[in-house]
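Using the hints provided, position chain B relative to the given structure of chain A.
Chains as they are written, first to last, in the working numbering: chain A, -14 to 373; chain B, -14 to 373.
Be careful, since some hints might not be right.
Beyond 12 Å from chain B on every Cβ pair, some chain A residues (computed) [claimed, not checked]:
no.: 1; residue: LYS24
no.: 2; residue: GLN32
no.: 3; residue: ASP41
no.: 4; residue: THR67
no.: 5; residue: GLU75
no.: 6; residue: ASN105
no.: 7; residue: PRO123
no.: 8; residue: GLU173
no.: 9; residue: GLN224
no.: 10; residue: GLU315
no.: 11; residue: ARG319
no.: 12; residue: VAL323
no.: 13; residue: LYS349
no.: 14; residue: LEU366
Pairwise CB distance ranges (calculated) [said to hold, decoys possible]:
no.: 15; chain 1: B; residue 1: GLY51; chain 2: A; residue 2: ASP41; range: 52 to 62 Å
no.: 16; chain 1: A; residue 1: SER288; chain 2: B; residue 2: GLN301; range: 19 to 29 Å
no.: 17; chain 1: B; residue 1: GLY107; chain 2: A; residue 2: ARG158; range: 27 to 37 Å
The hints are simulated quantities; they were obtained by calculation from the structure and are not laboratory data.
Glycine included, C-beta positions come from ideal geometry on N, C-alpha and C.
Chain by chain, the residues run as shown.
There are 2 protein chains.
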Amino acid sequence: MMNKLQNAFSHCKFEVPEIIFGRGLLGQVGSCARRLGGKKVFLVSDQGLFQAGWVDQVMQCLLNDGLAFVYYDQITPNPKDTEIEDGAREYIRQGADVIVGLGGGSAMDAAKGIAILVSNGGRIQDYEGPDKIHRPIPPLVLCPTTCGTGSDVSQFAVINDSAERRKFTIMSRCVAPDISLTDPDTLETLPDEHVCTTAADALSHAVEAYLSVASSTLTDVNAVRALRLISQSMGNAVQERRPEDMANLARASLHAGMAFSNSLLGIAHALAHPIGGLYDANHGSVNAVLLPAVVGYDLPVVSERLPELAWGLGHQTNGDVAMASEIVQESINRLLDVCNAPRSLKSLGVEEKDLPELARRAKKDVCILTSPREASESDLLDILEQVY
Amino acid sequence: MMNKLQNAFSHCKFEVPEIIFGRGLLGQVGSCARRLGGKKVFLVSDQGLFQAGWVDQVMQCLLNDGLAFVYYDQITPNPKDTEIEDGAREYIRQGADVIVGLGGGSAMDAAKGIAILVSNGGRIQDYEGPDKIHRPIPPLVLCPTTCGTGSDVSQFAVINDSAERRKFTIMSRCVAPDISLTDPDTLETLPDEHVCTTAADALSHAVEAYLSVASSTLTDVNAVRALRLISQSMGNAVQERRPEDMANLARASLHAGMAFSNSLLGIAHALAHPIGGLYDANHGSVNAVLLPAVVGYDLPVVSERLPELAWGLGHQTNGDVAMASEIVQESINRLLDVCNAPRSLKSLGVEEKDLPELARRAKKDVCILTSPREASESDLLDILEQVY
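Same shape as in the complex, but just chain A (with noise of 0.2 Å):
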């Protein structure tokens, strides 16, 4: 199905934001804002990080660097489409020019959310899909917290309907931001559980990124980055939370979102987001669960990538697709338990009654469509029966 030939012949875009990552370096905040023309920061973030005193360290930059701004975080998980509507009035009747989103996928998706909807009006659900947004947002600075969303990087935002408790994708070269600013320092005060779960969340990234029959080199070289990272520093963090292994696990989400934000993704991530549309439910949990699963449907028709997979799970393999088949499933699931990742649907709360709709809403997800191997509804339903 997909062959290295093809993979050097296709055609493929690249499109990533201009990118700082180092320790120490949140403090470059307000120069960021500042040089994209910012006098007034919109700033989003939310109430676990300014508990944890980041928020308070980024006004402080902010005032440093002569600019005025505006704290937002009246945001949730799965952020909802009325927290995107408030937050967008509120930055208009505020006078803003400029958004900072600090904070895992949350808090940068909203961020993205509002920028959309100050330039552009209306409601947020009438962006939904590829390319709907037709007018420029304000400039945008994203500092993620967390070791997995990659939306720092992204061309997507993924919002909840909060009436029909559905989420839908975002998809716009748009709203990849100005500047991905990422502090390795700032995990450390990311609980260890969510250390587990964001991490899990990279790992499905560069998985289903590597996989996608969107790859080119170009997102197969960030992909496999990735998971050499993850495979080293995953368990370490969570069980030692050494720094290093922090910055590798930051390391690791900027890379998979490089490459899932242009290859995009697959059938983990279809299956995702109606699970958290219905339930909202944890997006790392949902893909930790899902993952290994996902990767067993694939495996028949991606023989010829396994053995690059292999490699960046840490396992040589010499080409050998049979043995690269076994390792690439034995490390994922082991990378899981070693950080004791949730493995159950029912474990998040998911009821077995809803298995068939869930598969039908995937079908239609976006993340289908970019699936190494087609999958229908009843493919679909199996997948969430397996690991349910």
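This is chain B only, laid out in the frame that chain A set:
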């Protein structure tokens, strides 16, 4: 001197333009120019590409897309300050509003230079060094047609001061184009000799970027992939000219460009610039001559980097540094020999009496700053004498 730990912690920046890559995609040049708001294209190319028919094809695409254009081909290899100034006057006189550069490093660097002058004025020498450009330049689309320059993704332009017979480097994020568009089919008409010398340039970009003290995982993944593609296809491309090998070299150039644009280079380029300035010598040929000696000079301080470098060059060393060291040197020499790359400065017309002056100038070149090993003027002279 460099180790993985240091690498994991170091601060890094990474910035690349929007990239479009694929066979047959040259026809998208018009839609790229339009998307950037252009109505009248200033098309910079050279007579070789005109004769090969590619300029005609681009002109036809521009017309089909409803764009007016002005064609400018008064540029020579190692583009001169005077050519840039003439081009800028022509751009202004004709009222163009977007620049397309089609060609090798000379056409693309000339396009960058013209873009700088039309919006910033003055002489092109005024912009030598880092961050001297203060006004936004016109939208820029660069279409590489060789295997090596990387100018289509880089934040550099190298221009020849014709009075002083020296090359100088302009470094600014401004000169990375808006869009890098590679159609590897354009390599079909590249003479064998230039396939070899431009691939040697990409080889030296990849090796120097990988060994640079400013490297990071973001640049490493691209440098190593470039090496893998070059190892796989450089010999075949020159000998058999199969389209898939040509496409691999075009892709290698892109990866190597993404690497060196963000991690900078080393001694080979520091020496290549004065040689190019003084003798108007072919840049790829000069790098082919210098690279083996420079790698030999660097080896003692880059031992931890060698196994991955050897792996990029196609060899497993299981972390054995001594083996990797030999393999790296052998592989580079073999690649250059298979293509009949020039192997001595004398054969390029360099005069022995000038070597001390070349070493003196190289010591002041910006590329020396990121060399993994310090080099005095006398060390640089030793290297020059070694490959004379």
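Unmet hints by their number, sorted upward, for this structure | Result: no hint breaks.
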